[in-house]
Amino acid sequence: MFLLDQSYSMNDSFAGDAKTSKAKAAADAINDLLMDLIVRCSLDFEGPRYYFDVGVIGYGSQAGVGPCLGGTLKGRSLVPIGELAENQLRVEQRPKMVSDGSGGLTSTTISFPVWFDPVAEGGTPMQEALKLAAAVVGPWVAAHQESYPPIVINITDGEPTTGDPTKAARALTSLHSADGDVLLYNVHLSALAAAPVSFPASSAKLPDRYAGLLFSMSSEVPHQIREELSVEGYPAEPGTRGFTFNADAWALLQFLDIGTRVTLGA
Amino acid sequence: MEIRYGALQEPKPGAKADQCEDALAYSDTRGLVAVSDGASNAFESRLWARLLAQGFVADSPLGFGDDGLLSWTDSVAYRWSEAIPWQALSVFQKAKAREGSASTLVGLELTTSSRRPTAGTWRCLALGDSCLFQVSGDRLAEKLPVSRSADFGLHTPLLYTERDSNRQNIPAAVRWHGTWQQGDCFFLLTDAIAQWFLREDERGAAPWKTLISLDEAGFSAFVKEKRARHQMRQDDVTAFMVGLGVPLAARRTPTPVEVQPSRQQAIEPIGAVEPDGRAELTASPSPGRQRAGPVPVGAGPPGATAGIDDPYLPAGPPQTHDHYGAGEAGQGTEWDDAAPSWRRRAAVVGACVLILALAIGISRLGFGGSAPSPPAPPVPAVQTAAKDLADLLTTYQGGDAASYQAYEAKLASHVLHGNPVVMTQLTGSGSAPPFLFTSQTKGVTVAVVRSTGSQAELYLVVDQAITIPSGDRGATQDTSRRLLIHLTMARQGQQWLVSSAQVRPVAGQATGALVLPASTS
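In the order they appear, the protein sequences are chains A and B. Numbered according to the working numbering, the first sequence spans residues 1 to 266. Numbered according to the working numbering, the second sequence spans residues 1 to 521.
For the record, the hints were derived by calculation from the structure and aren't laboratory data. Some clues are possibly wrong.
[Unchecked claim] One-sided excerpt, in silico: chain B residues whose CB lies under 7 Å from chain A: (1) Glu44; (2) Val91; (3) Phe92; (4) Gln93; (5) Ala95; (6) Lys96; (7) Tyr407.
C-beta: ideal position from N, C-alpha, C; glycine also.
Can you build the whole structure from these sequences, using the hints too?
See below:
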């Protein structure tokens with residue numbers, strides 16, 4: 001489940017890059033990850049295998065706090081991955097850098113399905129969003145005790161306007177399936193041109209208090225994800241949390257990709 | 001002495017039998033057995049595992065070095081790519097399919113002599129964590145390639161549909177051989193049950209006694225119980241056993257696996273893909289296909305035409321199972337990345353390669369096997385098609401994005417179904433326009449390795465003059481190079497189209513399979 005900050009401040013440029021707003025970076029990342037999730041489930045000539053339910057909750061827009069999938073999926077808080085595959089707003093053709101097979105990168109055009117457009121218009125009611133997430137995820141884990149615990153990814157610029165969200169975050173991560181507690185990852189998109197930090201084990205290198213707050217709300221990553229992280233070259237010390245600060249577009253996608261690598265069977 | 005074959009299979013929890021990604025194939029007439037375990041996170045790994053197991057039995061790569069195995073895997077990968085209906089795939093499926101597929105493979109060959117049928121030799125090939133165990137004298141005599149239960153992990157080498165991945169993984173292949181005698185039993189097991197087997201052996205139990213005593217129903221209950229007790233991982237489980245004078249409770253093969261025939265390409269396959277699309281697991285207890293009881297290794301059942309009556313080999317008219325030229329005669333050395341000394345000897349090597357390729361072509365065409373002759377091969381048409389392709393492929397006059405797109409579209413019209421994997425092989429990974437180079441084909445030589453009415457395999461040697469930028473002031477440099485191109489082509493109507501391609505610069509350029517120089521912009 002994604003929690004997407006749609007507050008006015010998401011209009012600001014991202015990590016000092018005047019051309020990209022935080023809202024655009026967040027929408028791109030979600031679209032990219034949804035594509036990636038469906039691709040991961042597309043294993044044969046049939047439609048995607050039903051490995052995930054996906055939900056997106058927006059907070060801060062004129063619409064307030066609520067599910068924000070669009071088109072035919074409007075109003076739904078959780079959607080099976082197969083329905084997501086069949087219902088996009090549109091499919092764009094975008095340039096993408098890919099390996100050229102000889103160690104370099106080269107540009108090619110790829111189909112880029114779009115489920116979300118950037119929105120940036122109100123305050124930042126983060127704790128209300130976390131409460132709504134708990135209200136959606138709670139019944140789900142009750143009905144899916146054998147499943148991998150839900151992963152909630154909160155994408156925000158980190159300046160809550162309706163009070164400290166810590167308590168709501170705790171309530172969310174105390175929900176659990178038989179396989180473990182609900183995982184809350186926080187993606188902090190800052191306007192500061194500060195060095196990116198991904199999967200830290202401490203808040204020592206974080207530049208501001210919002211980052212510290214989001215770090216403290218983030219779950220420790222499970223053992224299996226830590227193994228994946230060390231394969232990818234991260235320090236992956238004990239205590240590593242699902243938190244990233246100012247990750248650029250590529251690092252953000254990598255964060256989401258690694259953080260959601262659930263074993264789908266050997 | 002009776003030789004018994006027994007297969008036991010249980011899909012992962014929640015999966016139906018036809019969703020099992022393990023595959024097995026065997027031929028009792030040839031004494032060949034193979035098991036493969038398709039990677040769950042790869043596209044159509046069921047199909048890939050099946051083609052690998054079937055390929056092992058139909059056209060065994062035993063005896064090949066790494067280069068030969070690479071070429072053999074290429075030929076199987078070609079069948080996989082052919083069976084994918086690329087045009088019908090969704091955006092998501094296409095993205096996944098482009099990543100290719102992956103699977104383990106373990107294969108065994110048993111041989112004996114007619115003088116002493118109660119003993120013989122074996123050899124095996126294993127890549128990945130599917131295992132071969134030999135039990136002899138009531139002890140575990142051989143365990144390959146994994147020998148300790150603690151050594152099963154997340155990351156195992158695999159055979160891929162992508163050549164570059166195979167180049168990295170094939171050196172991990174384990175080849176081994178040994179002897180067997182009456183009373184021995186061989187087990188080919190996929191990882192979950194192989195790990196259980198080793199763990200049992202490590203604690204002094206005799207897991208082989210359990211497996212040879214189980215029939216299908218008993219096996220299903222046994223696996224479910226082990227899973228419930230966390231003594232076996234939740235995974236597809238396959239056990240294939242060969243009892244040499246040892247009775248097995250498991251006699252029959254598991255439930256048939258159906259591959260949707262309607263989605264298969266309407267192209268006659270070379271080799272082991274069955275025309276009706278049925279997988280090798282088909283138990284098919286039709287009268288003509290029932291095993292006629294025990295069969296001596298290598299001798300063939302009474303009354304059976306060797307190989308043809310085997311349910312694990314293609315049905316239909318006899319087919320030749322020629323090794324591909326590169327794998328057999330050349331051991332694939334022509335595909336190697338060139339060593340520095342090749343640079344100096346490029347011309348000599350190029351000529352040798354061509355002579356070799358031509359020689360293979362001549363021998364294949366002139367003195368083909370004993371199988372009934374296929375329809376007269378339209379070699380000139382194939383040659384013309386290949387030459388046209390080579391001209392187009394290697395002649396490019398530079399230009400902007402639009403001219404590159406036009407070029408690519410023209411190229412795609414020479415490729416079966418516009419198959420993106422083949423396009424990638426031909427052009428690199430879609431290099432970035434604009435191209436600042438030009439290239440001109442100076443000569444193309446075509447050697448047809450083999451050709452039927454609908455399929456052909458050929459080599460091209462292409463000499464190119466190329467002009468590439470030199471320095472940053474718009475200066476250019478003229479140079480030349482020679483490319484070796486290995487193609488398989490398929491006929492559609494009157495047209496011959498490329499169905500797979502491998503391109504290698506003969507003169508040892510550092511870059512891989514690029515026909516066009518990488519972006520120089």
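Right, here's what the structure says about each hint:
{"no.": "1", "hint": "Glu44", "result": "holds, 5 Å"}
{"no.": "2", "hint": "Val91", "result": "holds, 5 Å"}
{"no.": "3", "hint": "Phe92", "result": "holds, 4 Å"}
{"no.": "4", "hint": "Gln93", "result": "holds, 5 Å"}
{"no.": "5", "hint": "Ala95", "result": "holds, 5 Å"}
{"no.": "6", "hint": "Lys96", "result": "holds, 4 Å"}
{"no.": "7", "hint": "Tyr407", "result": "violated, 15 Å"}
In this structure, only the earlier hint numbered 7 is contradicted, and the remaining ones agree with it.
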